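Chains as they are written, first to last, in the working numbering: chain A, 1 to 352; chain B, 1 to 250.
Please keep in mind that the hints were generated in silico from the structure rather than gathered at the bench.
A quick note: this is a predicted structure, and the numbers were derived from the prediction, not measured.
Glycine included, every Cβ here is placed at the ideal spot set by N, Cα and C.
Among the hints, a few may not be true.
Over 12 Å on every C-beta distance to chain B, these chain A residues come out as not near it, computed from the model [what the hints assert, rightly or not]:
#1 Leu6
#2 Trp40
#3 Tyr83
#4 Phe161
#5 Val166
#6 Leu257
#7 Gly258
#8 Leu265
#9 Ile267
#10 Lys273
#11 Asn281
Straight-line distance between alpha carbons at most 30 Å, and here's what the computed DSBU-like set of lysine-lysine pairs gives [unchecked claim]:
#12 Lys262/A <-> Lys115/B
#13 Lys115/B <-> Lys7/B
#14 Lys7/B <-> Lys181/B
#15 Lys262/A <-> Lys230/B
#16 Lys262/A <-> Lys78/B
#17 Lys230/B <-> Lys273/A
#18 Lys181/B <-> Lys230/B
#19 Lys115/B <-> Lys78/B
#20 Lys262/A <-> Lys217/A
#21 Lys273/A <-> Lys181/B
#22 Lys288/A <-> Lys273/A
#23 Lys273/A <-> Lys140/B
#24 Lys262/A <-> Lys273/A
#25 Lys140/B <-> Lys262/A
#26 Lys117/B <-> Lys7/B
Derived list of chain B stretches under chain A, where covered just means 3 residues or more per stretch with a C-beta under 8 Å from a C-beta of chain A [claimed, not checked]:
#27 83-92
#28 237-248
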Amino acid sequence: MPPRALGWMRANLFSSVGNTVTTLVALYVIARVAWGVVDWGIVHAVWTAPGGRACEAASHGEGACWAFLREWYRFILFGRYPYFEQWRPLFVVLLFVALLLGSCDRRLWGMRIALLWGAGLAVNLWLMLGGVFGLTYVPTELWSGLPLTLILAIVGLALAFPLAIVLALGRRSRMPAVRGLCVAYIELVRGVPLITVLFMASVMLPLFLPEGTTIDKLVRAQAGFVLFYAAYLAEVVRGGLQAIPAGQEEAADALGLGYWRKTRLVILPQALKIAIPPLVNIFIAGFKDTTLVTIIGLFDLISTASNAITDPNWRGFYVEAYGFIALLYFVFCFFMSRYSQALERSLARDRR
Amino acid sequence: MNGDERKAMIELHHVHKWYGAFHALNDVSLEVARGEKVVVCGPSGSGKSTMIRCINRLEEHQQGQIIVDGIELTADLKQIDAIRREVGMVFQQFNLFPHLTVMENLTLAPIWVRKMKRSEAEELAMHFLERVRIPEQAEKYPGQLSGGQQQRVAIARALCMRPQVMLFDEPTSALDPEMIKEVLDVMVGLAEDGMTMICVTHEMGFARTVADLMVFMDGGEIVERAPPEKFFAAPESERAQLFLSRILSH
Numbered sequence: 001m002p003p004r005a006l007g008w009m010r011a012n013l014f015s016s017v018g019n020t021v022t023t024l025v026a027l028y029v030i031a032r033v034a035w036g037v038v039d040w041g042i043v044h045a046v047w048t049a050p051g052g053r054a055c056e057a058a059s060h061g062e063g064a065c066w067a068f069l070r071e072w073y074r075f076i077l078f079g080r081y082p083y084f085e086q087w088r089p090l091f092v093v094l095l096f097v098a099l100l101l102g103s104c105d106r107r108l109w110g111m112r113i114a115l116l117w118g119a120g121l122a123v124n125l126w127l128m129l130g131g132v133f134g135l136t137y138v139p140t141e142l143w144s145g146l147p148l149t150l151i152l153a154i155v156g157l158a159l160a161f162p163l164a165i166v167l168a169l170g171r172r173s174r175m176p177a178v179r180g181l182c183v184a185y186i187e188l189v190r191g192v193p194l195i196t197v198l199f200m201a202s203v204m205l206p207l208f209l210p211e212g213t214t215i216d217k218l219v220r221a222q223a224g225f226v227l228f229y230a231a232y233l234a235e236v237v238r239g240g241l242q243a244i245p246a247g248q249e250e251a252a253d254a255l256g257l258g259y260w261r262k263t264r265l266v267i268l269p270q271a272l273k274i275a276i277p278p279l280v281n282i283f284i285a286g287f288k289d290t291t292l293v294t295i296i297g298l299f300d301l302i303s304t305a306s307n308a309i310t311d312p313n314w315r316g317f318y319v320e321a322y323g324f325i326a327l328l329y330f331v332f333c334f335f336m337s338r339y340s341q342a343l344e345r346s347l348a349r350d351r352r
Numbered sequence: 001m002n003g004d005e006r007k008a009m010i011e012l013h014h015v016h017k018w019y020g021a022f023h024a025l026n027d028v029s030l031e032v033a034r035g036e037k038v039v040v041c042g043p044s045g046s047g048k049s050t051m052i053r054c055i056n057r058l059e060e061h062q063q064g065q066i067i068v069d070g071i072e073l074t075a076d077l078k079q080i081d082a083i084r085r086e087v088g089m090v091f092q093q094f095n096l097f098p099h100l101t102v103m104e105n106l107t108l109a110p111i112w113v114r115k116m117k118r119s120e121a122e123e124l125a126m127h128f129l130e131r132v133r134i135p136e137q138a139e140k141y142p143g144q145l146s147g148g149q150q151q152r153v154a155i156a157r158a159l160c161m162r163p164q165v166m167l168f169d170e171p172t173s174a175l176d177p178e179m180i181k182e183v184l185d186v187m188v189g190l191a192e193d194g195m196t197m198i199c200v201t202h203e204m205g206f207a208r209t210v211a212d213l214m215v216f217m218d219g220g221e222i223v224e225r226a227p228p229e230k231f232f233a234a235p236e237s238e239r240a241q242l243f244l245s246r247i248l249s250h
């Protein structure tokens, strides 16, 4: 061990009797937990088995049964989407990932990225729904698993964000009617839980619609999600707007930029940059909150995983199933978090 | 004075402004001819800044008339924008856009308001950056410049709109002493080129050099107006005498 590391350990971990005891106890706990995970997940794990009983017998109940995931991963990922068409949602997921990664390149920002996303979303809609250009039609009731989660989260947040900017600007408007409407909307929506908004969208809204008109359930849930998150994001955007010194507006006014150009070119770029940490916070929360749609009967990742473990042949592999989707959620959320940090750093150059 | 003398560049007729019960501008009347340089001074809170901020409608006046280059300032947004295009303003706190480079700060309004081509706007921007003697800073961000450099960029930014009038709102008050001169030099240069200027400043040396007219304000009123040689030698009002004795004593 290099002497610097030793010195650091002596100074920080073993500087007194109390610290030494704490360090040793903590090390013991960490080692036990780590060993437990390795023992369960690798040493005693069973990788192939014909069924749940055989799997448990092979591991003596002491290890993970990854054979379950081998059997069920496709269902967890794509759910009830027709089995032989599942290459389509796979493409959708890959295209989403490609678009997300592509958006990290700031040189593409502006018109080009908007066009790319527009085209990407159109292709994804075509892939999922089909019905034209040689793809068979797959109704939205059958959309499930990871692609459904990604659609709800990405489309939802992408639509909620511009709406949030409009609401935030409206709340600061000098026109009392505009300001009042925006305040009322934001406070009303923030005052109720997402779950009630989703219930409204799925159960109550159809009662108010005229006889014979139906709106797709997924569209209703998506709309509810957008309207709900727009209210939350609006307050975060407003926080950014409040942080811009009045002198910035005055300078833009004095140049004769006018309200919209001032807002777009001077105020928003600075306000949104300031708001990145809380914005990403809400994006991550929103991504995970898509799981609530399971309650109104949409078949997202939680539903597919819960369903997989009710198979009589593979009953009860909770940890494997939920661990698997937890990992999927973590990957996406971790990406968002890391990306936002990189973005903050690259935007920080003008603060020097 | 030449043929443009037909009407004043800026006219204020009996302008009043209140902040709540506070009477910030009290019956202010002023005419500034094309090419004239007016220096406004007075104790803090006397309404100097409020007056010049009314001229491009950063503040709204409640009574009286303000006419800029023949256009009266009303609530009409089109007229306000038309006037703002012709009136450049330099602020005490510079107010550069920190997320844009110096070059982008300068070309923003020419491109979006004057609809200039980018190349043309950049050429214009370089011209004025050379004029304020910092062309080498074009690609930097405002945060990387000293206060004096930032204020010179702010002056260049206003000039890029090719304004008829320049308003200066205590342009050197936020600067360290050693940077004041570089900014004043630029302002003297502008004055020599015939720009119509209204400067709120306590730089009395500058005032003596460039002002055609000194305006002394106190309590929201114009208390005294006189050519600088007369104003500094023999101010008429007691308040102006007191003010001058205070700021010139050290």
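Checklist entry - Which numbered hints are broken by the structure, listed smallest first? => result 6, 7, 8, 9, 10, 14, 15, 17, 20, 21, 26, 28
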